[in-house]
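Those protein sequence lines, which keep their order, are chains A and B.
The C-terminal residue of the first sequence carries number 214 in the numbering used here, and the numbering is unbroken.
The C-terminal residue of the second sequence carries number 416 in the numbering used here, and the numbering is unbroken.
Don't read these hints as lab results, they were simulated from the structure.
Glycine is no exception: its CB is placed at the ideal position from the N, C-alpha and C atoms.
Any given hint might turn out to be false.
Said to hold, decoys possible - Computed list of chain B residues with no C-beta within reach of chain A, every gap over 12 Å:
1. A251
2. T269
3. Q288
4. A376
5. P382
As the list claims (entries may be wrong) - With a cut-off of at most 25 Å between alpha-carbon atoms, the simulated BS3-like pairs for lysine-lysine come out as follows:
6. B:K349 - B:K289
7. B:K289 - A:K53
8. B:K313 - B:K289
9. B:K387 - A:K120
10. A:K53 - B:K313
11. B:K289 - A:K56
12. A:K56 - B:K349
13. A:K56 - B:K396
14. B:K349 - B:K387
Listed below are the residues making up each chain.
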Amino acid sequence: MTMLPNYSSQDCPRAWEMMPWVLQASATQEQGEWLTHHLAHCEACRAEFAQQKRLKQAMSLPSHVDVDMEAGLQRLLGRLDAPVEAPQHVHARRSGGWLTRALAAAVLIQAIGIGALGLKVWTPGDSATYRTLSQEPATPATAGAIRVVPDAGMTLADWNALLHSLQLQVVGGPNDVGAYTVAPAASTASQQNTLQQLRAAHGIRLAEPVSDTP
Amino acid sequence: MSSTDAIKPMNDADLNTDATDRQLLQRMAAGDRTALAILYRNYHGRLCRFLSRQTRRPEVIEEVINDCFWIAWQKAGDFRGDSRVSTWIMGIAYRCGLKALRQHGEEPVEDNIPEERMPADDPDEDRELRDWLSKGLERLSHDQRVVVELVYGEGHTLDDVAAIMQCPVGTVKARLFHARVKLRNVLPALAERSLTFKEQAP
Numbered sequence: 001m002t003m004l005p006n007y008s009s010q011d012c013p014r015a016w017e018m019m020p021w022v023l024q025a026s027a028t029q030e031q032g033e034w035l036t037h038h039l040a041h042c043e044a045c046r047a048e049f050a051q052q053k054r055l056k057q058a059m060s061l062p063s064h065v066d067v068d069m070e071a072g073l074q075r076l077l078g079r080l081d082a083p084v085e086a087p088q089h090v091h092a093r094r095s096g097g098w099l100t101r102a103l104a105a106a107v108l109i110q111a112i113g114i115g116a117l118g119l120k121v122w123t124p125g126d127s128a129t130y131r132t133l134s135q136e137p138a139t140p141a142t143a144g145a146i147r148v149v150p151d152a153g154m155t156l157a158d159w160n161a162l163l164h165s166l167q168l169q170v171v172g173g174p175n176d177v178g179a180y181t182v183a184p185a186a187s188t189a190s191q192q193n194t195l196q197q198l199r200a201a202h203g204i205r206l207a208e209p210v211s212d213t214p
Numbered sequence: 215m216s217s218t219d220a221i222k223p224m225n226d227a228d229l230n231t232d233a234t235d236r237q238l239l240q241r242m243a244a245g246d247r248t249a250l251a252i253l254y255r256n257y258h259g260r261l262c263r264f265l266s267r268q269t270r271r272p273e274v275i276e277e278v279i280n281d282c283f284w285i286a287w288q289k290a291g292d293f294r295g296d297s298r299v300s301t302w303i304m305g306i307a308y309r310c311g312l313k314a315l316r317q318h319g320e321e322p323v324e325d326n327i328p329e330e331r332m333p334a335d336d337p338d339e340d341r342e343l344r345d346w347l348s349k350g351l352e353r354l355s356h357d358q359r360v361v362v363e364l365v366y367g368e369g370h371t372l373d374d375v376a377a378i379m380q381c382p383v384g385t386v387k388a389r390l391f392h393a394r395v396k397l398r399n400v401l402p403a404l405a406e407r408s409l410t411f412k413e414q415a416p
């Protein structure tokens, strides 16, 4: 437990505070005289001041640890010529810096990877259509598409003329049974009307609308 | 006494010493190694004493002194003259000392100084004084020991110590006050014995 100074008068705290500076001669002459006057009347402060003087005397003794000054100076001068001129503890800072740089590089690589992945995922038009193996191969879902099976004896000229007259174009086929998928070149024509005309046309064996569902 | 109370300005001797130190720093900034050697020798004793309050190991003390002057050599051109050169150098030594203590571990102040470490020409009174001081300093914290050393050993003012330790003047005052109270509580009997010893001496 710390025992605080036992002041015997209201001047004692000031005297207590002033002692070191009077001892080291950094107090003014006026302060020194004031303290001398106080000490003449205060036994407690006189004892404290005697201890302060003794403390200063003890602190002024030369170091008892023997350190070779000239050898130390030569080592310092040698250090100035060393290729890596840095205090020894810089090594610790350097290893810390290396670790920091490595961590920063790892974070940067992760950031680049995440960025590239995000770019790939969110780029419109570049995303592949996802389908299951049980699904039909991708068929263009054209509006008003009709599956048509022409007669084997129908000439290419007749087929072309028919498609041209009905404003149809081939969008798929022929498949394994010789069926073509045709769709109106212009979306204005009615699928039902086109279907009737195809069925009535010479050389057409089958005309059926393509439904989206099996 | 606050730091703004009437403090006697530096005396002529202090002013001359500081002027010489500044010239040495200027020469060091220009790459003059002779100036470095002079400053090194001028400060070696007081730095040894200051650092020996913190560690007893000569190799650590030399390492700290050399780190201190290595930095002083590098930064001599940056010295702005805001403080005395001695305050600037002690500040560097203090910080280098803290780093060294972290690196090597702080050693407690010994109760009694071993016989083999005592200088051969140490008179009995000095030896008793050292023992008396060691008993007191071992009760102080590291910061308190530094403040006591800087004030009583090196003669620095509160403002100087605050600049060296890079802390407010109020903190220095508090550390000094508590250090003195501790010393007063630990040392009175020894002080009386020492005073008696001195009074009996011829």
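Verification of the supplied hints:
1. A251: 6 Å, violated
2. T269: 8 Å, violated
3. Q288: 8 Å, violated
4. A376: 14 Å, holds
5. P382: Given that every Cβ of chain A is farther than 12 Å from that of P382 (chain B), nearest at about 17 Å, it holds.
6. B:K349 - B:K289: 38 Å, violated
7. B:K289 - A:K53: 37 Å, violated
8. B:K313 - B:K289: 18 Å, holds
9. B:K387 - A:K120: 66 Å, violated
10. A:K53 - B:K313: 32 Å, violated
11. B:K289 - A:K56: 32 Å, violated
12. A:K56 - B:K349: Answer holds: K56 (chain A) to K349 (chain B) is near 15 Å, not above 25 Å.
13. A:K56 - B:K396: 16 Å, holds
14. B:K349 - B:K387: 22 Å, holds
Of the hints listed earlier, those the structure fails to meet are numbers 1, 2, 3, 6, 7, 9, 10, 11, in rising order.
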